[in-house]
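Peer 1: Residue numbers (the working numbering), protein chains in the order written: chain A, 1 to 293; chain B, 1001 to 1362; chain C, 2001 to 2399.
Heads up, some of the hints might be wrong.
[Stated by the list, open to error] Okay, the calculated beta carbon distance ranges per label pair:
#	chain 1	residue 1	chain 2	residue 2	range
1	A	136	C	2345	27 to 37 Å
2	B	1127	A	27	43 to 53 Å
3	B	1131	A	136	32 to 42 Å
4	C	2324	A	17	34 to 44 Å
5	A	181	B	1039	45 to 55 Å
6	B	1072	A	89	48 to 58 Å
7	A	20	B	1016	33 to 43 Å
8	C	2247	A	270	47 to 57 Å
9	A	196	B	1332	52 to 62 Å
10	A	89	C	2188	56 to 66 Å
These are computed hints drawn from the structure, not numbers from a lab. In this text, a Cβ means the ideal position worked out from N, Cα and C, and glycines have one as well.
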Amino acid sequence: MAAPRRLFYRSETRFLLLGLPGVMFVVFFLLFPIVSVIVFSFWRTESYEIYADWNLDNYRTVLFEGTYLTFLWRSIVTAVVVTAACLVYAWPVAYFIAKYGGRYRLLLVLALAAPFFTGAVLRLSALQAIMGPIGVINMALGMFGLPAVEFLMFNKFASGIGIAYLYLPFMVTAIYLSLLNFNFQLLNVAKVNGARPWRAFLTVTWPLNWIGTAIGITLVFIPCLAESLTPTFLGGPSGKLYGSVLGLQFDQTGTWALGSAMGVLLFAVCCVVIAVMWWTIDLRRTGFTGAGR
Amino acid sequence: MTNVAVGLQGLTKRFGRTVAVDRVTLEIDQGEFFSLLGPSGSGKTTLLRIIAGLEDPDEGRIVIDGKDVTGLPPYARKVGMVFQDFLLFPHMTVGENILFPLRMQGAPRAERDERLGWIVKLLHIDGLEERFPHQLSGGQQQRVALARGLISRPALLLLDEPLANLDRELRKEMEVEVRRYQRELGIPFVYVTHNQEEALTMSDRIAVMRVGRFEQVAPKFEVYSDPATAFVASFVGHANRMRGRVAALEGGRATIDWDGARFAVPAPGGAGVGAAVDVFVKCERLTVLPSGSAAPAGANRLDGVLRDVIFKGQIADYIVARPSGVEIVVSEAASLPRAKAGDTVLITWAPDTGHGFPAEGA
Amino acid sequence: MTTSDRKTLLAAKAFNRRTVLKSGAAASAVGFTAKATGPFVRDAHAAELELRVLMWANYNVESTVTAFEQQHGVRFAPTYFDGNSEAFNKMKAGGTQDFDLVQADGHWPRTYHKQGLTQIVDPAKVPNLANAYPACVPPKYTLDQVEGGTDWVAIPNCWGGYGVTINTSMVDAADAESIEVLYNEKYKGHIITSARFEENIAETGILVADRMGTRDAARPDGKPFNPYVLTDEELEECKTWLIKQKGLLLTRYVEYDMVDRLMISGQAWMSPEWGITFRRLLAMHRNGELDWQARHVLKPTEGGLGWIDNWMISSGVEDAEKREICYAWINNFLSDENMLKVLREEGTSSVIDIRKHLTEIEIEDFLLNETEQISGLYMFDQPSSPEKWERVWSEVEAA
Chain A
1 MAAPRRLFYR SETRFLLLGL PGVMFVVFFL LFPIVSVIVF SFWRTESYEI
51 YADWNLDNYR TVLFEGTYLT FLWRSIVTAV VVTAACLVYA WPVAYFIAKY
101 GGRYRLLLVL ALAAPFFTGA VLRLSALQAI MGPIGVINMA LGMFGLPAVE
151 FLMFNKFASG IGIAYLYLPF MVTAIYLSLL NFNFQLLNVA KVNGARPWRA
201 FLTVTWPLNW IGTAIGITLV FIPCLAESLT PTFLGGPSGK LYGSVLGLQF
251 DQTGTWALGS AMGVLLFAVC CVVIAVMWWT IDLRRTGFTG AGR
Chain B
1001 MTNVAVGLQG LTKRFGRTVA VDRVTLEIDQ GEFFSLLGPS GSGKTTLLRI
1051 IAGLEDPDEG RIVIDGKDVT GLPPYARKVG MVFQDFLLFP HMTVGENILF
1101 PLRMQGAPRA ERDERLGWIV KLLHIDGLEE RFPHQLSGGQ QQRVALARGL
1151 ISRPALLLLD EPLANLDREL RKEMEVEVRR YQRELGIPFV YVTHNQEEAL
1201 TMSDRIAVMR VGRFEQVAPK FEVYSDPATA FVASFVGHAN RMRGRVAALE
1251 GGRATIDWDG ARFAVPAPGG AGVGAAVDVF VKCERLTVLP SGSAAPAGAN
1301 RLDGVLRDVI FKGQIADYIV ARPSGVEIVV SEAASLPRAK AGDTVLITWA
1351 PDTGHGFPAE GA
Chain C
2001 MTTSDRKTLL AAKAFNRRTV LKSGAAASAV GFTAKATGPF VRDAHAAELE
2051 LRVLMWANYN VESTVTAFEQ QHGVRFAPTY FDGNSEAFNK MKAGGTQDFD
2101 LVQADGHWPR TYHKQGLTQI VDPAKVPNLA NAYPACVPPK YTLDQVEGGT
2151 DWVAIPNCWG GYGVTINTSM VDAADAESIE VLYNEKYKGH IITSARFEEN
2201 IAETGILVAD RMGTRDAARP DGKPFNPYVL TDEELEECKT WLIKQKGLLL
2251 TRYVEYDMVD RLMISGQAWM SPEWGITFRR LLAMHRNGEL DWQARHVLKP
2301 TEGGLGWIDN WMISSGVEDA EKREICYAWI NNFLSDENML KVLREEGTSS
2351 VIDIRKHLTE IEIEDFLLNE TEQISGLYMF DQPSSPEKWE RVWSEVEAA
């Protein structure tokens, strides 16, 4: 017994034991898949078999045949619009909860996360039941003798609403958590010092909560880019996004090499988005007291 | 133009069933340093926030520089305010913090630069303009907060316990400085504090507040030496409270029976013979003598045993126990050589000092 | 891969109809890697009297299995798969030593045999096959025999179609006969199709080949027309039709609930499907819940898609006794009793004629009076070039 005990108490051993799970996690769930996808993206598939013939054809297809860039562009536009909508919607909600939620704050935020308590398919079915051709909205309109609204069914608008509904909780939570640490007294300071409410928001509240907001933006934008399920359910025949087509490569057509190249491109775009968001953050300008000493 | 900088008329503010500010009426003069003194919960901060426009009064009017600002939002009132926790904007440099009010007013750049140069020199914070608040000491942060409140030369500066978070030494130093800036700028200050020493050191006039009302509004010396109510007498300065009965009234003096002894004080208003009264005598108005010493003619005398001497430097507090066990505190220069605990002593004071009030709740 | 989703749907019906039809959920690289690193192979060498079967999960009828085990004194050891390609890969990776029986549909049995994974079977040892619908066995249906020969490589058991379910109150009877109904301007906004690429392209391929006159002409591969083996010109034409169709579609469905909802509400008037919604619509009509009659066009004039499932004996079975047990299982499976259970419990039609045990309604629901059409259906297959088909489909989706 003595030897293993001694071994455990050696600091290197403890370091290894404590660090190993983290390292293994990163290696198996992050590094390994990314590396395999990168490797596959330079290979070739033929009739559901993958061949290690190193080539650049997949990238040529993805980058220079307009088809796949069309999907990417659709996804980027969708992500921008959805993120902007979430931002505009989430700020007042988070602000209200943080400032006036009182003892129910946590409950209110959890309520927002309620969609996550169910599966994705159930959630989308529920949305269809509300917005679809025979959904609650159109049935209500029908009761008043009004024609059904078509912009809510099987098109990009419907799928945009579905995606926004899905990721809105991320945005609200990120902004809410940021506002929890925000000293609302500073707004009084600004007002007494001559700032109108809107000006006070722009000069004080917004910059001091920019990190939280930027995290929210990233947390919504990135999954929006990769979104596949919602457009498939709600987007109609012309609503397919990059993520849906990427999924198709793996789930149906077996064109894994092409799919991998698409994945690598998506990964690169996400990296650019994260880099841009990071670039907008000047730690000293966010009230972070640890920086710039 | 009148000399009145701020006029408050019948201001009332309720929070639910609590009345935080109760029919307060007050005028503050141009160039005056005015303190609102009271224990926590007395409504002084609420009153300050009403003046600033951060709270709406339920009743009453606020006039600043002759203009009724009651319904105006804070940004339209031209008041400056310094907050207890400094509340500097953490994402702005010192310079940006100070310039914030001018920026909001849209002052031209040249004016901003000039004013900034002036105020940082005045407050001895020049050279710190590029730093961020978290890089400053507490005293520096307070000066920056002060500079931000003053840079736009407001009609009125409101200060909400601005020195409460500073250590004692720094606070003493700042008390003097804040008073000096106020004099130099001639801007009326309304200063909220629960610290009577601060109020006494800095103010021209003091309003002592209690549960939303003013107990006394008077020049600081008067508040100290001639308290209008028992509350003021107990809250301002350090006094011994002696609850006794009026034994006799004669020529503006009352003779009080207290703790088996008898002494004379100026007759308390509204108390007849036999009435219970609270008599307050400031600790420093009492003198301790060795037992058997000759007291001045006509002076009040009380016997006791010296229980303890708390030496404080310039002065010492002598704790004297009466035979009944009641203690009296005497603050004096350490003038009793070789006095030690257990000695019998004599306490004396002039009969025209001390204030009696009909006993509350008796 | 091709028919996997039919099976997923059938299984999903039995266990949980909400299961998504391989909806293109996250393209998980981890899952991909797991797929690529080789199939899981069960070590089944140890037991002696074991019948080791690689099968679709929905054919495992418990009472049948129990009775068989008792009668023959063997242990039934099933392993399940979700798609033909998955089973095929398992067999290729040494599975012939691990499994005695394996299932596959459409063109797959010939592929298995060509690769040496299965052995020639003798239909005479399966007496119950005598009751099969003529359309499901040679000479009408020959995919269970070696190409150009008469040796059998598989014994059929069940069949299904992928016809078009029609709302007869909205769609003209004459239009409904042709696949072209799915591309008809008249029904704009009321057409739905599956989200799967193979069936969309293959079905369009049937129509296109018919219109181009290439269906019955000599094919480049010298074989009869197979909608899963299309020429580049046909694929190009498919693309044109599919792009045109996009403007007419209400949506593409990814789960059966969607087909049900949209058809029942009257929003969608037609949909290619496996017959599941059709049966539900019929039942609702009978119960007075639906005022219109549904129709399922199994085989449109241009031709339709379908599948016949089969049992095959692994080439690893060399022991005569074991071979006999394999035949016993297949024959037992094809018994009226079991086929009735498969139809009633799993909702799948058998190739054995069990109409005498069924109600009129069941016969109508399962189109059992139209079995003559089966032999005319184009069997499910895998696209001849998934790469080309993927490109066509992506271009359609991007248009």
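Peer 1: Now, for every hint given, state plainly whether the structure supports it.
Peer 2: Outcome of the hint check:
1. Restraint check, residue 136 (chain A) to residue 2345 (chain C): a C-beta distance of roughly 36 Å satisfies the suggested window 27 to 37 Å.
2. Take residue 1127 (chain B) and residue 27 (chain A): their Cβ atoms lie about 52 Å apart, and the range 43 to 53 Å holds.
3. Here the CB-CB span from residue 1131 (chain B) to residue 136 (chain A) is close to 58 Å, at odds with the stated 32 to 42 Å.
4. Range check, residue 2324 (chain C) to residue 17 (chain A): Cβ separation about 58 Å, and the 34 to 44 Å hint is violated.
5. A beta carbon spacing of about 31 Å between residue 181 (chain A) and residue 1039 (chain B) contradicts the range 45 to 55 Å that was offered as a hint.
6. Distance hint check: the CB atoms of residue 1072 (chain B) and residue 89 (chain A) are about 32 Å apart, inconsistent with the given range 48 to 58 Å.
7. In this structure, residue 20 (chain A) and residue 1016 (chain B) break the distance hint of 33 to 43 Å, their C-beta atoms being roughly 58 Å apart.
8. A hinted range of 47 to 57 Å is violated for the C-beta pair residue 2247 (chain C) and residue 270 (chain A), which are about 33 Å apart.
9. The given range of 52 to 62 Å is respected by residue 196 (chain A) and residue 1332 (chain B), whose C-beta atoms sit roughly 58 Å from each other.
10. Range check, residue 89 (chain A) to residue 2188 (chain C): Cβ separation about 34 Å, and the 56 to 66 Å hint is violated.
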